[in-house]
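Line order of the protein sequences matches chains Y and D.
Going letter by letter, the first sequence gives residues 1282 to 1590 in the numbering used here.
Going letter by letter, the second sequence gives residues 192 to 343 in the numbering used here.
One or more of the hints may lead you astray.
[Said to hold, decoys possible] FRET-style restraints, in silico, Cβ to Cβ:
hint, chain 1, residue 1, chain 2, residue 2, range
1, Y, Gly1415, D, Asp303, 43 to 53 angstroms
2, Y, Ser1427, D, Thr298, 43 to 53 angstroms
3, Y, Met1559, D, Ser225, 45 to 55 angstroms
4, Y, Gly1551, D, Ala297, 48 to 58 angstroms
[To be verified] To give a feel for the contact side, a few chain D residues facing chain Y, derived at Cβ under 10 angstroms:
hint, residue
5, Ser213
6, Val217
7, Gly238
8, Ile250
These are calculated hints, taken from the structure and not from any lab test.
Note that CB positions come from ideal geometry on N, CA and C, so glycine has one too.
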Amino acid sequence: MSSLKDLRNRINSVKSTRKITQAMKMVAAAKLRRAQEQAEAARPYAQRMQRMLGALSQSVEDQPTTPKLLSGTGKEETYLLVLCTADRGLCGGFNSNLAREARRRINALVSEGKEVKVLCVGRKGRDQLRRTHGDYIVHTFEDIASPQLNYDAARMVADYVIENFDAGEFDVCQLVYARFRSAIKQIVTTLQLVPFSAMEEAAPGQEDAQTGKAAEGESAGMDGSVYEFEPDEESILADLLPRNMAVQVYRALLENNAGEHGARMTAMDGATRNADDMVDSLTLTYNRTRQAVITKELNEIVSAKEAMR
Amino acid sequence: MAAFRVGRERGRVRMAEQGKISFELVSPEQLLLSEEVKMVTVPGASGVFGVKPRHAPLISSMKPGVVAIHREDAEKADQRFFVDSGFAEVTQERCTVLAEHVIDVATMNRSDLETELKNAREDVADAKTDKERAKAEQRVAMTEHKLRALQS
């Protein structure tokens, strides 16, 4: 049995760990709220861009000059996987879940004989993939969410993707991120960026926005046929598509950000609770040991006195 | 009824309609403005145009310039925003402007912009690679646009 001093030390160390996890939980909760507000604020832009894109792609549908970002290269040889993860750990299975999905996807594509390239956004994704799939990683963006995640960071990622697409580095681009459902549930989601499907996009949209969106979509469809375009459909589309990509990336990053903080909050909550349990059981052991020592000493005194008689 | 189209130059704008349009100014980060206004002028890619109620449906890309909001009086702009680029969507009853970077002209400062312009020009001169130069040149152009917005 460990000595009283050892036990006391352990109790103290668990207590200070608990203080840290508790503080981290509260920080994560505050950040989560901010992240959610940010995601909420970004929604109008995405919705309106979606509406315009819908009207535009309707009117260019049958033309052969459709931009490549929309129609694809006509091949499906090389895949670019954009893996969005957090930059920091201590958030439960958040990063591992994303990395697992990426790994599964890479293996599936490779076994189909496709070429795969991986772009990591977030340090943890790269760290986890490096051991097993390091050769596929072409580039990593780190710390783009600090001190604050903003649109320009997403724009940077999107510009990189577009630059490589224009250079013919890949044919299909998919984005792997965690969709924020609640603080305890994040859903690993894959979104196709190139070739981008304007129609399909409405499906994975936020649930609460869907009803409003459906109504809006209808009215946009109605005037969609009579829109005038300045200067013309193609050049607007050529301008709009890269921006739309940035918006998609931005949304994914925002969802990821909220998910990360949610996951961390849950993980730290669990850790705090575990620390509580541990302190309780250690304190019990400590008290028992202390009592045993006292009983033993009493025994010794009594028996010594008895012997001296 | 035929859609009412306001002329391209602000001088030709007439007070024909009493109604208002719902105007929205949106950046990727947030919805900046959403209100009923009398008229809006937008720096379209092929010329500045004004939007009043029952404008013909239009989608236009924008060039760097000023979005001016006329809340009550079509002759006088109440608030002016500098936008770097983006898109405007106009229907009969609403006008939506999407822009990546939006700055309220009232918050812009001439001397700051002039220093920025000087710095950007120095960067062009100091640029070692083509990429750096292109970036710096873009900064010069953008600052010049901002200064012009401040002057107008």
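Status of the hints after comparison with the structure:
1. Y:Gly1415 with D:Asp303: 43 to 53 angstroms: 46 angstroms, holds
2. Y:Ser1427 with D:Thr298: 43 to 53 angstroms: Given about 26 angstroms between the Cβ atoms, the range is violated.
3. Y:Met1559 with D:Ser225: 45 to 55 angstroms: For D:Ser225 against Y:Met1559, whose Cβ atoms are near 53 angstroms apart, the range 45 to 55 angstroms holds.
4. Y:Gly1551 with D:Ala297: 48 to 58 angstroms: At roughly 50 angstroms between Cβ atoms, D:Ala297 and Y:Gly1551 fall inside 48 to 58 angstroms, so the hint holds.
5. Ser213: With a minimum Cβ separation of about 13 angstroms from chain Y (threshold 10 angstroms), the hint on D:Ser213 is violated.
6. Val217: With a minimum Cβ separation of about 5 angstroms from chain Y (threshold 10 angstroms), the hint on D:Val217 holds.
7. Gly238: This interface hint holds because 8 angstroms falls under the 10 angstroms limit.
8. Ile250: 5 angstroms, holds
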